[in-house]
Amino acid sequence: MHIVVLAKVVPDYEVPSVDFELVSNRAHPRYTRMIGLYDENAIEMGVQLKEKHAASLTIMSYGRKEDIQILRKSIAMGGEKLVLIQGTSDDPFVIADNLKTAIEQLGGVDLVLAGRQSADMDRGIVPGVLGEMLGSRFIPQVSAVENEDGAWKVSQVTETGLRELEFVGNGVLSITSVPENVPRIPAVRAIFAAKKKSVQTMSGRDGDESWMSEVSVEIPKMESTCEFLPVEDMNETAMTLLKRLKEERYL
Amino acid sequence: MGRVPYWNISYGIGIDLLAVPLIIIFLYGLYGHWKRIKQGKARLTFSLRNSSLKIGPVYIGALFTKGILGSRIYKKLFTGVAHGFLFWGMFLLSIGTALVFLNVLFGLPVFKGAFNRWFMSFALDAGGLAALSGTLFLLIRRLAFPPEGLVAPKARPGFVLMEVAITVIILTGFLLEALRIAHNGFDEGAFVGNWVAGLLGGGDSLSLHQIVWWGHGFVALAFIAYIPYSPLIHLVLAPINTSLAIPVPGPKMGVLDFSAFEDEEAEELPSLGVCKLTDFSRKRLLDFSSCLWCGRCHEVCPAAQTGKSLSPKGVIVTLSEYMNKDKFQDDSLLDEISANAIYSCTTCAACMEVCPVSVNQPKAIMRMRQHLLMERSEIPDIMGQAHKSLEARQHPFFGTGSGPNDWRKDMDIPSFEEGKTEYLLWIGCAITYEERTQKIARSMVNILQKAGVSFGVLEESRCTGDPAKQMGNEFLFSEIAQQNIEEFTSLGIKKIITMCPHCYNSFTRHYPPLGGLFKVVPHSVFINSLIKSGRLELRNGEQTICYHDPCYLGRRNNIFAEPRNVVASLGRLIEMPRNRENSFCCGGGGGNYWAEEEGTRINQARAKEALDTGAVKIATACPFCLLMLTDGLKKYADVEKAYDIAELVNNQLKDG
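These protein sequence lines are chains A and B, in that order.
Quick note: the first sequence uses the numbering used here, first residue 1, plus one each step.
Quick note: the second sequence uses the numbering used here, first residue 1001, plus one each step.
Honestly, the hints are just simulated from the structure, not real lab data.
Treat the hints with caution; some may be incorrect.
Unchecked claim - Quick list of in silico lysine-lysine cross-link-like pairs, PhoX-like style, CA-CA up to 20 Å:
| # | chain 1 | residue 1 | chain 2 | residue 2 |
| --- | --- | --- | --- | --- |
| 1 | B | LYS1041 | B | LYS1325 |
| 2 | B | LYS1035 | B | LYS1325 |
| 3 | B | LYS1283 | B | LYS1325 |
| 4 | A | LYS221 | B | LYS1409 |
| 5 | A | LYS81 | A | LYS196 |
| 6 | A | LYS195 | B | LYS1388 |
As the list claims (entries may be wrong) - Derived coverage of chain B by chain A (criterion: at least 3 residues anywhere in the stretch with Cβ under 8 Å from a Cβ of chain A; other residues may be distant):
| # | stretch |
| --- | --- |
| 7 | 1378-1387 |
| 8 | 1397-1405 |
| 9 | 1499-1507 |
Stated by the list, open to error - Partial selection, computed: residues in chain A whose CB lies under 7 Å from chain B:
| # | residue |
| --- | --- |
| 10 | ASP19 |
| 11 | LYS50 |
| 12 | ARG184 |
Idealized CB from N, CA, C, for every residue including glycine.
The shape of chain A in the complex, shown without the other chains:
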């Protein structure tokens, strides 16, 4: 069994909104870069599957060469091989096409796991497009995967609960975060071992992005206004608060 986990290095996803700013329509380079939030859940799930089924686990990323140091964490967590396709596009079709090529070059890949949000400015499209390109089944919002007698048994998180699914053949799954796939902290010896591991780099292909042009990127403005209510009489204050909330259509 060969599993590939897609991981993308992104700007810190916890930058407070008041501190967030753009440079050339993208997050300011001063923000710390790290592996995408859900990608780490996908890596953890991949490692668990590897340990359970003695599978091979490859971590694959589309991004910049500088990301390698950050991606090594995925190797320290339990990935066996790291493949980087160099490229800077954030078009999901371009990214998926590059990933598809790399996965086909690897050969014999049974399952592709990806974080449910990353790799395309949080739109979560890449895994679906990749599934289509590879001719594999695609299931989003997956919280658990099992392999029994050659069939994949998958738990999918829905708005109302959990759905159990089953399929045979190759698949691309986008992974969501659940307590069972909280990313492990790499052991120190694994961190050192990961530093020594060679990384396979490939040059990515540019895609045709001319069909669309980015006009502008804006950050939603955070506004806060403060109104003090008189507190001499608490009953009256409560009534005033209720009236104001209704006036502003919060209630």
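Using the hints provided, position chain B relative to the given structure of chain A.
Just chain B now, kept in the frame of chain A:
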């Protein structure tokens, strides 16, 4: 008639001959302890500047004060006095017995004149009486009203037998003396012997004397031979242990060397931290052998006292039991103690402070924590998130709503410039990323500007790496620390003012071994010096203020007076019942700021103690303590009562 050794005893020399095999048994017992202790790793010596007098690895001051005089025992008055009576009484009796041997062997004239009267009779009777009362107190206390620490999580077997044996030895000693006096007449000075002889009614029983003499001798020799196999081995091990303990406050964690992991040729990589007894140093194994199971550590431990699964005594008991069962290679140790217990330690070092035999409980716990995190990747969930944030963002405040420069918003604060700026005002993560504590930095900046101090800050706030170290990740700590040291060196930073005692502790304890030598001063000390030198003028208020000692400033670095001086210059200082070196932790140390607590919350217990003083304000000198107390107070008070001393000073600056 003067005293005659071995009076009324035939073949008395037999008792001396019997002593020979029993001493061999005694020595064999000691060898057994050494055999177990030497299975630990030889400790790398850690040189200390300005250390107390030291011969080889032995700290002479500690040997006499803590080891022989047992200075820490008296922190609990009644138990201390009882122990003192027992020890010094038995010490006198041992000298008396040794003198009798010397009299028999070499004719030393100890039974003549004033020496006989005042030492051999009076002092030895007084010693016997003291030892008897001491041992009876300890025996009755142990059996009838044991304190929590003595029995939780378990009481040490063996003490009762030895205490009964001491009682028998002393009582038979007095009986012997009385029987001798009853036959030979009044003995000046032997006030107990004379009184007991009076109770015997003047009867003369030479045969009873012989029976008691031999019985007394056999029990005494058997008692001595049994010491190494009993809890009384602390008589030997405690002075050794205290004399080998490095006499700086708090656990000395040192730094780990990871160069073997970098080495491509290395065949075998060392195990990080501790998962079995042989991973500990010999000093730690000596700790475990010396532990009395007295439970003083349990009684002061914030975790144990608020219902957590950790008892420092419990940890040491488990370790010593593993030693006694020869389970040196058994790596079930951490599971036996439990990761939950290991991570509940706030590293406040209260246990170390009260330990009468200088056991270093936090170091043992931290070594196990290092293994859990660095080898097994085990860490509680919330602490794990903080760790992950520290790894990725260089600060542990995950989910913070503050940006790195929010603390200095609308303020004109100079950056540190080489050759122009004297002090680096180190901001640190706890102040940068928490809205409440940002006020500390803003106050401190105002104070420094008011006093005309040459200072600057770094362009970007950083963490010292201390949380990583406290969580057990020495590797991450080293990486962050080395990065800081490189930056400080390149900027020409020599003097640093800290507002967080954890940062202060890191800079002064853990940075020097990595090459970072800076003059570091905590803000409480710096503010105190500014007030004393008249560079700050304050409006003295009438308000009552109680001061909470941060563990990393007080107990770990002996800084008690300066923050109190600052508080006293602001209002009337009130002490909490547990203060200075006996202070109770806020609960935030050892990475437990990021913990989901079981049992009672430590910060609420401490906040209640502070509120109960009736003080109007609660002062502290640590951002973590401030956050913990502020949170703890929410249960009991609606208004803000906890402040950092910098905030209080800033509010009372004249023309401020």
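#### Entry: Numbers of the earlier hints that this structure fails to satisfy, in rising order
9 and 11
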